[in-house]
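S.K.: Listed below are the residues making up each chain.
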Amino acid sequence: MESSSILDSLGVEIIGVMAPVSICMFLVVLLTYSLSVTSDLQIRSAANLVYMENPSDSTTVKLEGSLANAIVFVVLVAAVTFVIVLLFYYKFTNFLKHYMRFSAFFVLGTMGGAIFLSIIQHFSIPVDSITCFILLFNFTILGTLSMFAGGIPIVLRQCYMVAMGIVVAAWFTKFPEWTTWFMLVALALYDLVAVLVPGGPLKLLVELASSRDEELPAMVYEARPTVSSHQGRNRGSSLRALVGGGGAVSDSGSVELQAVGNHDATRNVDYNAIAVRDVDNVVERSPPVVEIPREGHFASAVSSSELSTAVGSRGEIVVADEEMSPLVELMGWEDNREDESFEKGIKLGLGDFIFYSVLVGRAAMYDLMTVYACYLAIISGLGCTLILLSVYNRALPALPISIMLGIVFYFLTRLLMEPFVVGMATNLMMF
Amino acid sequence: MTVAAGIGYALVALGPSLSLFVSVISKKPFLILTVLSSTLLWLVSLIVLSGLWRPFLPLKANVWWPYALLVLSSVCLQEGLRFLFWKIYKRLEDVLDSFADRMSRPRLFPTDKLQIALAGGLGHGVAHAVFFCLSLLTPAFGPATFYVDRCSQVPFFLISAIIALAFVTIHTFSMVIAFEGYAKGNKVDQVIVPVIHLAAGMLTLVNFASEGCVIGVPLLYLVASLTLLHCGKMVWQSLIESRNQS
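Top line first, the protein sequences correspond to chains A and S. Just so you know, the first sequence maps onto residues 1 to 431 in our numbering. Just so you know, the second sequence maps onto residues 1 to 246 in our numbering.
Since the hints were derived computationally from the structure, they do not count as laboratory data. Just so you know, even glycine gets a beta-carbon here, dropped at the ideal spot from N, CA and C. Possibly wrong hints are sitting among the right ones.
Below are the DMTMM-like pairs computed for lysine to aspartate or glutamate, each with C-alpha atoms no more than 25 Å apart in a straight line [what the hints assert, rightly or not]: (1) A:LYS91 to A:GLU214; (2) S:LYS184 to S:GLU241; (3) S:LYS27 to A:ASP8; (4) S:LYS90 to S:GLU79; (5) S:LYS233 to S:GLU79; (6) A:LYS91 to A:GLU215; (7) S:LYS27 to A:GLU418; (8) S:LYS90 to A:ASP8; (9) S:LYS113 to A:ASP8; (10) S:LYS87 to A:GLU214; (11) S:LYS60 to A:GLU418.
Example chain S residues on the side facing chain A (calculated, C-beta under 7 Å, incomplete) [said to hold, decoys possible]: (12) LEU33; (13) ILE47; (14) VAL75; (15) PHE131; (16) SER135; (17) LEU136; (18) LEU226; (19) LEU229; (20) ARG243.
Ranges between beta-carbon positions, derived for each pair [what the hints assert, rightly or not]: (21) S:VAL188 to A:LEU63: 56 to 66 Å; (22) S:SER26 to A:ALA68: 42 to 52 Å; (23) A:ALA79 to S:GLY80: 50 to 60 Å.
All chains should be built: construct the whole structure from the sequences, respecting the hints.
M.R.: Encoded structure:
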């Protein structure tokens, strides 16, 4: 009985993505719950350039206005993505990286700072301004450094990705209700187009990156196992994790060669059964391009609406070997070359984190019941996407399935389930 | 203080499942996925039910038989769903076994199967507690509490948490019983699960009488502990059997 049952290792990769998403959503819900009283003010940003929603407006006005808002937002996002594609095409990679760092600094410093400030006010935490400033500055600088630098533990980078997701999502939940829904739907559709249609900006970006064998400068959560990885087999990968993504490029040539040889073997396994899919879904994924319109936190700042932080994907740079290494790892073919285990997990764009959390945060403003329903819907959508990912072995948009399920479940819960459950439970009837 | 009360109610309902989750489920990612999918299945069943009953809502507060019908229909649907869940699991088990063969790893151990059943049941139970108790708990974090007329001795939140705890227990362990029953073709176990579920649902109808919860809740706990006892006995036997075989 020394060999462990297959249950122990199955699905590690999926949970590796779901856990941070869940944490992000949970914290956003907590934030919106505890701060909901203080955030009455309307904010002006790229998402409501055209129309400021007013609760007293008639339904048609709201509908048209928020539709216009959503369209403008998506057009902006698309435009900025094309700009990023252009910059990347002409090899302004360093510029892009610095830009990402700058926007991370900006997001963490100003938006995060504002959120910390409101937390401090709301719970009346006794802290003086100098300490607060120093702490915030340290937090921000560390986050900025962790973006593309080597030598920083992957755990830290993952934490900062989640933190940025939380900050931006908490900010986005302040949008008016209708605009939020339309924006989510529009983004999900845009994501679908941008990743799948030939010539879509994200697809271009991913293909460009894979043809050049480069890392895509974008904010992406990498679910690659952290240092304390299971089975303790991969010294190489934990080392790599310490070295950081930057070091990957140098060996990728050799890894790629080696992976091509193994590609067929992988394929064979893949034909055999569905279960394999559970395992080898480690292939790349491309997040939706979600540019975070971080400019919008002051009413005046609208014009600088170059959205920052394109969340592209570090696309399928080396699909073949990525596909192989999870198989090696999960199935425990330990005889395979240890040192070259090119360990990369699934990658999820920051935008997915943000917009999942925005949906859940918006649901939290109605009731807890809708939060649970939306959470389950989003997570199952994410699960479906991951399974599809392992079937198709290519970058896929993560937003559409989850967002659609989330919205459907939100309205079903709100319209159908709530009166039913409340009616039952207040009479102490349960089943 | 009120936050403490709210957390306390939540822990009354979900504390045991939380510790089950932490100690058994969370170590194996596959079990977490099972919990999530079974929770989703339960949520879908609840949405379907509420869709069916939506035209008749709100039910009159003084007639009890519509509620009985409602509980009956809900139990029927959910037991059907449990059978569906079993079918899906059966296929999954085959896939997993052939996968394990190919990887030259051992097939699923009997304990693995029990754990999957437990995870499935826990998903149902948690979904119950979350939607019937936890989602109504928001006001409990505020400065007041709430009593229903028919059960005036205990705050509504506390009584619903207590009932939810009983149902979490019943759902969790009746799934284990059902899976064992289906796997071994044991007719008694297959039948006893819907009976337990129906009995528990009907017992909540006792709460409809004024101060009925004084009687209804202990009876419910009797059912829950019987389920627990039966499940424990059955698991013990099957473990002994599998040890003798190996």
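S.K.: Would you pick out the hints that fail for this structure and give their numbers low to high?
M.R.: The structure conflicts with hints 7, 10, 18, 19 and 20, although it agrees with all the remaining ones.
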